[in-house]
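Q: Chain by chain, the residues:
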Amino acid sequence: MKQLAESPQLQLTEQGQLRHFLTIEGLSKTLLTEILDTADSFISMEQQSVKKVPLLRGKTVVNLFFEASTRTRTTFELAAKRLSADVINLDISTSATSKGETLLDMLKNLEAMASDMFVVRHANSGAAHFIAEQVTPNIAIINAGDGRHAHPTQAMLDMLTIRRHKGDFENLSVAIVGDVLHSRVARSQIHALKILGVPDIRIITPNTLRPFDIESMGVTVYNRMIEGLAGADVVITLRLQNERMESALLPSQHEFYRLYGLSADKLKYAKPDAIVMHPGPINRGVEIDSEIADGSQSVILNQVSYGIAVRMAVMSMAMSGQTTQAQENHGAEVSP
Amino acid sequence: MNLWIRGGRLIDPANNTDTITDLHIHDGKVVAIGPYDGTSATVIDAKGLIVCPGFVDLSVSLRKQQKASVSAESRAAAAGGITSMCCLPDTSPVIDSSSAATLVQDLAHQAGFCNVWPIGALTQGLAGSQLSEMGTLKEAGCIGMSNLRQPFENTRVLLRCLEYAASYNVMVFFNPVEHSLADDGCVHEGPFATRLGLKGVPETAETVALTRDLLLVEQTGVRAHFGQLTCARSVDLIANAQKRGLPVTADVCIHHLLGTEADIQNFNSLNHIQPPLRTQRDREALQRGVQDGIISAICSHHHPHPMSAKMAPFAATEPGISTLDTLLPQSLKLVENNVLTLTQMIERLTCGPAQAANLKSGSLAVGDIADICIFDADEDWLVSAETLNSSGHNTPLMGTELRGRVKHTLLAGRQVYPLRS
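In order, the protein sequence lines correspond to chains A and B.
Heads up: the first sequence is residues 1 to 336, going by our numbering.
Heads up: the second sequence is residues 337 to 757, going by our numbering.
Because the hints were derived from the structure by calculation, they are not lab data.
Keep in mind that this is a model prediction, so the values were computed, not measured.
For every residue, glycine included, the Cβ atom is placed at its ideal position computed from N, Cα and C.
You may find that some hints are simply not true.
Label pairs and their computed distance ranges (CB to CB) [to be verified]:
id, chain 1, residue 1, chain 2, residue 2, range
1, B, Gly461, A, Lys29, 52 to 58 Å
2, A, Gln15, B, Asp381, 53 to 59 Å
3, A, Gly285, B, Asp519, 28 to 34 Å
4, B, Glu489, A, Ser69, 36 to 42 Å
5, B, His515, A, Pro281, 32 to 38 Å
6, A, Glu328, B, Gln446, 52 to 58 Å
7, A, Ala68, B, Leu467, 41 to 47 Å
8, A, Ser69, B, His445, 25 to 31 Å
9, B, Gln601, A, Lys29, 48 to 54 Å
10, B, Gln446, A, Lys108, 48 to 54 Å
11, B, Val544, A, Ser69, 50 to 56 Å
12, B, Glu489, A, Arg224, 58 to 64 Å
Facing chain A, from chain B, some residues (calculated, C-beta under 10 Å) [claimed, not checked]:
id, residue
13, His445
14, Gly448
15, Leu552
16, Thr556
17, Asn602
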């Protein structure tokens, strides 16, 4: 077993190119901007109705979903197909592979079948890191969500949405509302906003759904919507899982909606041109009012369509980095 | 058998000794301390080395009561200078019967590398609901009882356990944890847990339980030892209890004296331990507690695992570090960092734990059993699969160089490390 601690730049090649996409944390502003620019180029391509590009032709992408997800898996599948890759979808129930060794065996088998990229979703934080570092380092790993840790492609599509609607990041106030404690999306968003230069990042949540010392990630915490939304340019509402009502974290959906649900009377405290975002799927009438979700300030459907472009960008960049690294490693073996 | 250890620096905190001298061992005991008398004897040249009582380790997990694993781990203990170790009751089978308590001692005796003192289960099967046969377990050699970090059905069961234990003067080893607060967390609840999205164990999971336990100790008068404390506030609570005259001692494991929550960065599962590594402030308070003697023992909290147990996403890996082989050089880091003097360090590894657990060891006065560790405080060695003796290679120190190496370990006057072929 290699020393985990020795690889802070696990997801980068020696030249600083992406070779896995595991987390936003630790990436440079330049690299995040490159992802956004590349995604932008795919979007204009979509408008010219160029559906497919050959960047991943002959490559095999395996969607490894240890946690059920239709939406995210579908956008990854679409992205891979538009890059001309062969796609295999594997939905693996977590129970069958809860033990490490079973997971290892399965991944080794897939590696032996000449896979080039794994898109991984797993209920355990650090699962994608573990696979990239310990199991199949020569396969590009794209993290499609690991526990509460990270959901970096979701965060990047959110950044693309913000950039396309607000122009840049330099003077923005962004408020993230709701269940931050259990949210990998929020953690990745905070890293991305911070790196891209957003000066004012706010969390609005009751203390039961607030991660310990979240301030250390560079955010300001508010308990009340009126204060937290005041003057915000971007309002991101998070999905509230029903289970949260069962573990003494919240009294009821009704009270959560009254205090934290995004409705017209609360949204009016944000800037008049504030955009409203949600990673989906929406619980209408729980964390967001239907009127707002479908209203003029909502960019929720734009987020979904940008999702494909961002995933195409990340997949093509990681594959290119992985290929470069492989060639260099090969070169190094030939000439010692 | 006649043996002389010549020219070493004898550091024996139990007897306030720190001097360069010779030691005469006969029939497994120290018979004289002073210049070699020239009689014919086996001689160990200890010039430039430190001679001290063999280390006493209050927390070792042997996992399986099988010949091979008991033999391997007690051999690793000998290589680490440890001559007495307390075996936790969570072996397979659990030490909740006299036969299980006898078996582990028999296996250790057959292996012959290290004294193994079983700690019995405080409740049957460690299940937290029914008292174990503490009287029988004590007769079978258990030096005390513990429920480890397993929960009690309710506080009344715990109270009854303590009352019963106090009736027979049975010592209770506590590992305070309030399970409803720990809530399956795997790391310290702090900024690193937040970033990595790992479920945290708040400090209060330990301090709430410790406060409750101390009140129950006061009520029942049971002799109590608190093991592997991790928080600054816990040190204050223990200090306060000792000041009030409660019969309470405490230890800390070496990992918590050297590591912090930052060591879990990059999901390093080799630093996944229970209780978790905490903050720098906690580490400093624990170090001060060891300095002041509020915490009188340093233990290894040794947990050997096959590497497969660490090959999974962080929270799914088994907690624990293999430590017997590295206890001495890791403890010497505390001396190097001016946390402890060399004498204090040896005290916390010898008479400190021996007195806490009421063991007749950790002292090298004339007439004492010759359990001895002889080490070179300056020798560097590389931690590798070849140099580790434990069956568990699960240490974050793998591949690193450590300073301080055991040269000889004697168990009742017999050299058990290195083995003479």
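Q: State for each hint whether it applies.
A: Here's how the hints hold up against the structure:
1. B/Gly461 - A/Lys29: 52 to 58 Å: Because 56 Å falls inside the window, the suggested range holds.
2. A/Gln15 - B/Asp381: 53 to 59 Å: With Cβ atoms ~56 Å apart, the hint holds.
3. A/Gly285 - B/Asp519: 28 to 34 Å: holds, 30 Å
4. B/Glu489 - A/Ser69: 36 to 42 Å: Holds, since B/Glu489 and A/Ser69 (Cβ atoms, about 39 Å apart) stay within the stated range.
5. B/His515 - A/Pro281: 32 to 38 Å: Holds: the Cβ-Cβ distance is about 34 Å, inside 32 to 38 Å.
6. A/Glu328 - B/Gln446: 52 to 58 Å: holds, 55 Å
7. A/Ala68 - B/Leu467: 41 to 47 Å: Cβ of A/Ala68 to Cβ of B/Leu467: about 46 Å, so the range 41 to 47 Å holds.
8. A/Ser69 - B/His445: 25 to 31 Å: Violated - the Cβ-Cβ distance for A/Ser69 and B/His445, about 57 Å, lies outside 25 to 31 Å.
9. B/Gln601 - A/Lys29: 48 to 54 Å: Violated, at about 22 Å.
10. B/Gln446 - A/Lys108: 48 to 54 Å: violated, 40 Å
11. B/Val544 - A/Ser69: 50 to 56 Å: violated, 38 Å
12. B/Glu489 - A/Arg224: 58 to 64 Å: violated, 41 Å
13. His445: Given a least distance of 34 Å, the restraint on B/His445 is violated.
14. Gly448: violated, 32 Å
15. Leu552: violated, 26 Å
16. Thr556: Result: violated, 32 Å to nearest chain A Cβ.
17. Asn602: Constraint on B/Asn602 satisfied, holds at 5 Å.
Figure legend: structure checked against the earlier numbered hints; hints not met, in rising order: 8, 9, 10, 11, 12, 13, 14, 15, 16.
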